[in-house]
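S.K.: Sequence:
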Amino acid sequence: MPDALGLAVRVEQVDGPGSLLDLLLTSSGRGRVTRHLPLPRADALGGPYSSLLTYRVGGVSRTLAAFPRRTRQASVHGDPESLAEALAAGPLVFDLCAETTDRAWRRFAVLTARTPLPVPREQSLGFDIYAHSAPGFTPGNALAATRRAAYRGSRAGRKGSSSPPPRVP
1 MPDALGLAVR VEQVDGPGSL LDLLLTSSGR GRVTRHLPLP RADALGGPYS SLLTYRVGGV
61 SRTLAAFPRR TRQASVHGDP ESLAEALAAG PLVFDLCAET TDRAWRRFAV LTARTPLPVP
121 REQSLGFDIY AHSAPGFTPG NALAATRRAA YRGSRAGRKG SSSPPPRVP
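In the numbering used here, the protein residues as written are 1 to 169.
Hints in this document: simulated from the structure, not taken from any laboratory.
Take the hints with a grain of salt, since some may be wrong.
Derived DMTMM-like pairs (lysine to aspartate or glutamate); straight-line CA-CA distance at most 20 Å [said to hold, decoys possible]:
1. K159 x D128
2. K159 x D22
3. K159 x E122
Sequences are here, hints too, so could you generate the full structure?
M.R.: Shown next as structure tokens:
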């Protein structure tokens, strides 16, 4: 069944040793409205992934997206086993793009995935756009209080905290 799929990108040493930048994207559309909506899909390479909400990039609000380069005919399902099989057949390539002032897309990087990370299925890498951002590249202000609270609650849950997640003012 189609589902909203995610693409997580981690850049290490983005602002020096030990610094991380996480970018989390969700399957979406490419249009001016649909780039802000999660869209279920059965094929992991069947369309773009979007940040849905904006990032502040160099002081300007930009929606970010990853557009898969279709290099094979067969569908790639979003489950870990299907993705591992697809990666065994060759790399998955995405154009990372930022929305321009006229709402077009401009490529700023190319992401090439070659092997799955050796992380057990029950373990989480703890992707967190608030804890892992960089000067000049941060999540935007849209729904910031709610999003920050959700990430704090997620961090607490991953640490096994028995305290309830923080309340949003």
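S.K.: For every hint, state whether the structure bears it out.
M.R.: Results of checking the hints against the structure:
As the CA atoms of K159 and D128 are separated by approximately 14 Å, the hinted pair is consistent with the 20 Å bound. Between the alpha carbons of K159 and D22 the distance comes to roughly 19 Å, so the proposed pair stays at or under 20 Å and holds. Taken as a hint, the K159 and E122 pair is honoured in the structure, with Cα atoms around 14 Å apart against an allowance of 20 Å.
The structure agrees with every numbered hint stated previously.
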